[in-house]
Amino acid sequence: MNNLELKKMANEVRKGIVTAVHSAKAGHPGGSLSAADIYTYLYFEEMNIDPQNPKMADRDRFVLSKGHTAPGLYSTLAHRGFFPVEDLVTLRKLGSHLQGHPCMQHTPGIDMSSGSLGQGISSAVGMALSAKLDGKDFRVYTLLGDGEIQEGQVWEASMFAGHRKLDNLVVIVDNNGLQIDGPVNEVCSPYPIDKKFEAFNFHVINIDAHDFDAIRAAFKEARETKGMPTAIIAHSVKGKGVSFMENNVSWHGTAPNDEQYEVAMADLNKIGEELVKEEA
Amino acid sequence: MADSTVKKIATRESYGNALVELGAENPDVVVLDADLAAATKTGVFKKAYPDRHIDCGIAECNMVGIAAGLATTGKIPFVSSFAMFAAGRAFEQVRNSVGYPHLNVKIGATHAGITVGEDGASHQCNEDIALMRTIPGMVVMCPADDIEAKAAVKAAAEYVGPVYMRFGRAACPVINDRPDYKFEIGKGTVVREGKDVTIVATGICVGNALEAADMLAAEGISAEVINICTIKPLDEELIIKSAKKTGKVVTAEEHSVIGGLGSAVCDALCKAYPVPVLKIGMQDVFGESGPAAALVEKYKLDGKGIFEQTKDFLK
Numbered sequence: 001m002n003n004l005e006l007k008k009m010a011n012e013v014r015k016g017i018v019t020a021v022h023s024a025k026a027g028h029p030g031g032s033l034s035a036a037d038i039y040t041y042l043y044f045e046e047m048n049i050d051p052q053n054p055k056m057a058d059r060d061r062f063v064l065s066k067g068h069t070a071p072g073l074y075s076t077l078a079h080r081g082f083f084p085v086e087d088l089v090t091l092r093k094l095g096s097h098l099q100g101h102p103c104m105q106h107t108p109g110i111d112m113s114s115g116s117l118g119q120g121i122s123s124a125v126g127m128a129l130s131a132k133l134d135g136k137d138f139r140v141y142t143l144l145g146d147g148e149i150q151e152g153q154v155w156e157a158s159m160f161a162g163h164r165k166l167d168n169l170v171v172i173v174d175n176n177g178l179q180i181d182g183p184v185n186e187v188c189s190p191y192p193i194d195k196k197f198e199a200f201n202f203h204v205i206n207i208d209a210h211d212f213d214a215i216r217a218a219f220k221e222a223r224e225t226k227g228m229p230t231a232i233i234a235h236s237v238k239g240k241g242v243s244f245m246e247n248n249v250s251w252h253g254t255a256p257n258d259e260q261y262e263v264a265m266a267d268l269n270k271i272g273e274e275l276v277k278e279e280a
Numbered sequence: 281m282a283d284s285t286v287k288k289i290a291t292r293e294s295y296g297n298a299l300v301e302l303g304a305e306n307p308d309v310v311v312l313d314a315d316l317a318a319a320t321k322t323g324v325f326k327k328a329y330p331d332r333h334i335d336c337g338i339a340e341c342n343m344v345g346i347a348a349g350l351a352t353t354g355k356i357p358f359v360s361s362f363a364m365f366a367a368g369r370a371f372e373q374v375r376n377s378v379g380y381p382h383l384n385v386k387i388g389a390t391h392a393g394i395t396v397g398e399d400g401a402s403h404q405c406n407e408d409i410a411l412m413r414t415i416p417g418m419v420v421m422c423p424a425d426d427i428e429a430k431a432a433v434k435a436a437a438e439y440v441g442p443v444y445m446r447f448g449r450a451a452c453p454v455i456n457d458r459p460d461y462k463f464e465i466g467k468g469t470v471v472r473e474g475k476d477v478t479i480v481a482t483g484i485c486v487g488n489a490l491e492a493a494d495m496l497a498a499e500g501i502s503a504e505v506i507n508i509c510t511i512k513p514l515d516e517e518l519i520i521k522s523a524k525k526t527g528k529v530v531t532a533e534e535h536s537v538i539g540g541l542g543s544a545v546c547d548a549l550c551k552a553y554p555v556p557v558l559k560i561g562m563q564d565v566f567g568e569s570g571p572a573a574a575l576v577e578k579y580k581l582d583g584k585g586i587f588e589q590t591k592d593f594l595k
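Chains as they are written, first to last, in our numbering: chain A, 1 to 280; chain B, 281 to 595.
Just so you know, not all the hints are guaranteed correct.
Taking lysine-lysine pairs in the DSS-like style, the calculated list, with each CA pair at most 25 Å apart, reads [as the list claims (entries may be wrong)]:
#1 A:LYS8 - A:LYS195
#2 B:LYS525 - A:LYS165
#3 A:LYS132 - B:LYS327
#4 A:LYS270 - A:LYS8
No wet-lab data here; the hints were simulated from the structure.
Given only the sequences and the hints, what does the whole structure look like? Please build it.
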């Protein structure tokens with residue numbers, strides 16, 4: 001996909017996020033929207049996956065370590081064809097395969113159950129290690145929140161990944177700067193994030209999380225990096241794309257009401273129209 | 281059992297030895313440790329299959345997560361550490377990264393209970409059975425001797441799903457060395473028949489319960505002894521059948537009386553055939569430093585302790 005196609009798809013993914021969370025009357029829109037471009041790039045451009053064969057043996061793997069932003073992953077998987085887009089409105093409802101946090105047993109395309117922060121990165125490391133043990137060339141991607149990296153287990157996993165030189169592992173930190181209790185640097189600062197991963201023997205790349213040229217270049221660079229894992233610090237805007245949610249911590253884990261939903265969808269429709277004009 | 285010719289071996293040794301055999305049979309078997317390979321006795325596996333032994337350093341939570349990731353790709357990871365850290369420190373990782381997705385991870389927890397000995401209460405885990413049996417879908421096993429421990433490890437490898445195995449540090453007598461011995465997950469064994477009281481035991485307490493049964497017999501009390509290796513799923517049928525025969529049940533375990541074998545047995549009996557039950561185990565207390573045998577005696581988990589408590593219970 002070219003950048004314009006990616007932008008259009010990411011905008012559809014964002015509409016799916018807003019629709020799902022509105023329907024559920026609960027969920028985490030802020031961190032889903034901030035990572036929507038990353039999700040879109042991974043599933044539409046970067047990863048070797050097959051929506052018709054979600055358990056394909058040597059597929060690339062993705063672990064959503066910041067599992068509360070499942071609506072972003074679900075919307076991406078649905079638009080990629082793993083399951084119907086219509087399923088998104090069943091998010092968090094009784095009997096739905098779309099659980100509040102990712103569940104690998106129920107949802108096609110989910111490679112690992114997650115949601116308890118700090119744990120997903122360890123299982124991603126285990127997958128990357130498995131590929132190395134068997135001499136396979138599949139790659140493993142995991143997305144973490146910038147608040148999540150306050151969990152000690154993240155650094156246990158990072159120490160191991162650096163030590164084992166897992167160059168088939170890409171850790172992405174969605175650095176939107178906000179966690180439930182406020183700005184990350186006020187709650188318990190994780191900064192400098194890049195220098196921490198460097199100290200754990202990662203190759204580190206800082207990017208604008210909403211610039212597809214930068215995203216493309218970073219994943220290419222990760223692929224070309226040998227002998228060490230890569231950490232991509234993706235500087236993002238929480239709530240990206242929805243005017244009243246952007247950089248507003250109160251949208252970390254709150255669903256829009258009907259009125260707010262209309263405004264949010266109008267914002268995203270406007271972005272969509274501009275992208276069509278750009279195409280013309 | 282006081283016979284000095286009885287062979288003694290710690291079940292953690294059995295764990296390591298069984299892993300070496302499994303390693304030869306199945307290339308998907310991998311073993312993980314958290315800087316305790318020398319103590320968990322997986323060192324023999326490491327020597328035989330260095331590429332399939334993963335030392336994760338002193339980071340048990342990450343180790344469990346790595347095992348979960350390995351299992352998603354078809355590996356059969358055996359995670360090894362002391363029970364305190366495998367079931368205690370990493371409880372939530374076991375619950376959420378292994379139990380919830382029902383991944384094929386095997387947890388080999390050594391140094392369980394007070395027979396850790398001199399290291400003291402900080403390392404004597406008397407809560408692991410309770411913790412592990414609350415996780416849906418988790419198989420929980422506590423072998424009584426070398427033969428049962430090796431059989432349990434093999435059975436765990438064949439079973440698809442999460443399994444917790446509890447092993448001890450101290451050498452214990454081999455009691456299952458007989459030609460017709462066979463092992464099945466979820467099946468208990470009547471190791472001595474009796475009619476006055478049923479003693480349901482697990483781990484090192486099985487051998488000790490057999491000693492107690494000898495002492496009870498000398499006083500005219502006929503005790504039936506049941507060896508329960510698999511605490512979950514529990515062989516309820518066998519226990520209820522015996523309770524119907526004897527009318528009184530004693531449970532014996534090197535674990536807290538809260539949430540362990542005793543609780544599991546009570547759960548089974550209270551819904552089907554309620555009888556008086558005496559729970560022998562750690563009575564809601566922490567252990568302490570000391571030689572393993574002295575601790576087992578002090579906390580009344582040895583043959584004499586089980587004998588005396590059972591006798592009092594029957595009065």
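These are the hints, each one checked on the structure:
1. A:LYS8 - A:LYS195: Given that 25 Å is the threshold and the Cα spacing comes to 34 Å, the pair is violated.
2. B:LYS525 - A:LYS165: 62 Å, violated
3. A:LYS132 - B:LYS327: Satisfied, since the Cα-Cα distance of roughly 20 Å is no more than 25 Å.
4. A:LYS270 - A:LYS8: 12 Å, holds
Checked against the numbered hints given earlier, the structure breaks hints 1, 2 and satisfies all the rest.
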